[in-house]
Amino acid sequence: MVIKLRVGFLKKGGIKLVSNNILTVKNLKKYFYTQQGIVKAVNDINFTVKEGEVFGLVGESGSGKSTVAYTLVGLYQPTEGEISYYNQNISIESKKRSKTLKKEIQIVFQDPGTSLNPMRSIYQILELPLKVFGLFKNPKERNQKIKKLLSLIGLPEDYLYKYPYMIGEGERQMIAIARALATNPSLILLDEPTSALDVSIQAKIINMLLQLQKDLNLSYLFITHDLSLMRNIASSVSIMYLGKICESAITSKFFRNPLHPYTQMLLSSVPVLTEEEEKLKPRKAKSTGEVPSAINIPSGCSFHSRCTKKMDICSREDPVLVEVNKEHFVRCHLYK
Amino acid sequence: MKGNLLEIKNLTLHFKEYRGLLKVLDRVNFTVGYKENIGIIGEAACGKTTTMKAIMRILSMTSAKITQGEILFKGRDILKMNGAEIQEIRREGISMIFQDPTAALNPVFTIKSQINNIIKYLGRQKKKLTKREIKAQGIKILSDVMLPDPERILESYPFQLSGGMRQRICIAIALLSSHNLLIADEPGTSLDVTIEDQIYRLLEDVAKEKQISMIFISHALGVVKNITNRTYVMYAGSMVEVAKTAELFTNCLHPYSQALIASVPKLTGEGTPQGIQGSIPGYLNPPPGCRFSPRCSHAMPICKAKKPPFFNIKDGHQVACWLFKKGRDQVGK
Chain C
717 MVIKLRVGFL KKGGIKLVSN NILTVKNLKK YFYTQQGIVK AVNDINFTVK EGEVFGLVGE
777 SGSGKSTVAY TLVGLYQPTE GEISYYNQNI SIESKKRSKT LKKEIQIVFQ DPGTSLNPMR
837 SIYQILELPL KVFGLFKNPK ERNQKIKKLL SLIGLPEDYL YKYPYMIGEG ERQMIAIARA
897 LATNPSLILL DEPTSALDVS IQAKIINMLL QLQKDLNLSY LFITHDLSLM RNIASSVSIM
957 YLGKICESAI TSKFFRNPLH PYTQMLLSSV PVLTEEEEKL KPRKAKSTGE VPSAINIPSG
1017 CSFHSRCTKK MDICSREDPV LVEVNKEHFV RCHLYK
Chain V
699 MKGNLLEIKN LTLHFKEYRG LLKVLDRVNF TVGYKENIGI IGEAACGKTT TMKAIMRILS
759 MTSAKITQGE ILFKGRDILK MNGAEIQEIR REGISMIFQD PTAALNPVFT IKSQINNIIK
819 YLGRQKKKLT KREIKAQGIK ILSDVMLPDP ERILESYPFQ LSGGMRQRIC IAIALLSSHN
879 LLIADEPGTS LDVTIEDQIY RLLEDVAKEK QISMIFISHA LGVVKNITNR TYVMYAGSMV
939 EVAKTAELFT NCLHPYSQAL IASVPKLTGE GTPQGIQGSI PGYLNPPPGC RFSPRCSHAM
999 PICKAKKPPF FNIKDGHQVA CWLFKKGRDQ VGK
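Keeping their order, the protein sequence lines are chains C and V.
Each residue of the first sequence is one higher than the one before, starting from 717 at the first, in the working numbering.
Each residue of the second sequence is one higher than the one before, starting from 699 at the first, in the working numbering.
With the rest of the complex left out, here is chain C:
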């Protein structure tokens, strides 16, 4: 176990591993037991994140995408299933994870207003992960590291002694990203990092993230509900609906030819600016209905209550994920 972990960790130093999948998720389930019943927030999902790619996870609220991120980072223990970081099984509680592993996987939350401690200065916020993991114990070196982190995200040094309330929303999110970078991770989970921000600031942060990814050789798991953003940054996309992945493909293929009725509906709801974009949208898939409660998931295919192409079999039998085209998976009875 120890040796395996070392190999995974040393990989950045140049040792090439056989598999280039940084993260593999197999049959992951996360249930919550409430008084009203069992909430199947994540229900049997599979995906892999390749080294150095941006993997997009898209879904509406309540589809379980944040639960996936929290489970991966260890905030929740999976009910069932396996998460592997390189070849090492990490489907254990956060408490039981080793510090080397925690350093490797970091997370950036949606709302920087609540994920940064309002009573701490930026310096203290950036210092915390270094303290926790015992990095750069020499005060001078630690100081330098913190300044370097700030320069990575392109903010001037005088920000170190400011507090989160003194700076703009976009800058706060940049600080949250810098904090995630403090431990030199190789995988960062981005849980809707820009959905609380304006488009102009969003563009800046996304550019910064992509630049950092190139410079530091990072892999991202990018969670969002914004399909047009996904189109521009992700190399492959998975669409989630009520705890299950209903379609998954390489980005360019997916946007040219979305197959699942839900993804067609999702894509047709995206507000666009130009004529060329309008042409890309599926015409006849107007959105209807709302996402059902996660406690009472409809029988059979969970989407059948809103589906325009519903058949008899849909309410009886849950479809399985099938490969329709090369590397294009769909979970729908239409494509058997």
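Quick caveat, the hints were computed from the structure, so don't treat them as lab data.
Think of the CB as a built atom: it goes at the ideal place given N, C-alpha and C, for glycine as much as any other residue.
Careful, some of the hints might be misleading.
Facing chain C, from chain V, some residues (calculated, C-beta under 7 Å) [what the hints assert, rightly or not]:
| hint | residue |
| --- | --- |
| 1 | E741 |
| 2 | T800 |
| 3 | A802 |
| 4 | L965 |
Got chain C sorted already, so can you dock chain V onto it with the hints?
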């Protein structure tokens, strides 16, 4: 019907704070015609919601001070109205849909009692309605906004309903009292994409059907493009450009509008956009002259000295930027 339904002239508004005076709105000018859908776009904190609240007169008057300007609704100045008159405007003229339906509905009353109260006081001057008539009206207005099973919904509390349903109820309530103008302040921002899409289609339909004007505020530029006739671009407390919506999105002229529209990621996937350098200036000491000048790549000396007026480009397209001064008429003073 001639003239404009709503006309805002040189509206300037300050907030008093312990740090000093926040100069939020700086001579805002805009008009809304009859049966016209207006869009207002701009970054967060540029004064969109403040302007709308000034129109409804629901700003806290202890801290907000309107130092100059007029808000003319059908030719009458809202700012000079007394309590009874402004109540009448809210009852029969203008109504507003807020961003967050959860915060807009009272959590401890049923939908029925919230809707019934409005129906009861709407008809106050005419004749008293019976209970049965009130209920029938409530059911009708809920089915107008495509809510299934209106009788059950009337009996429920806001927390028993989903976000989309709550926003539909807010729209229904706004439609009850709006005979002329509906202000929709980011009605879909807190909702999911598919639900948002449905809400926008609904709003567009009801505005057309009831022949009312609408002011539509949104971050989602694509939505504004689809449902409005004319669009204003707002930056740091003043309007910087106005044009017919189709014209604005294909041929905008102000450097800020261009940068804002270019910031939207495209579905066709042309790489990530650049965004705008810097951020909206603080309102305590806003830059003199054009407030966009510190972030503008075309800034000239005059930009930092004097606020640009609107210049006429062509039919209704106006830009507040010194770049377009040459040989063009100035609008207003």
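Q: Any hints from earlier that this structure breaks? Give me their numbers in increasing order, please.
A: When the structure is compared with the hints, numbers 2, 3 turn out to be violated.
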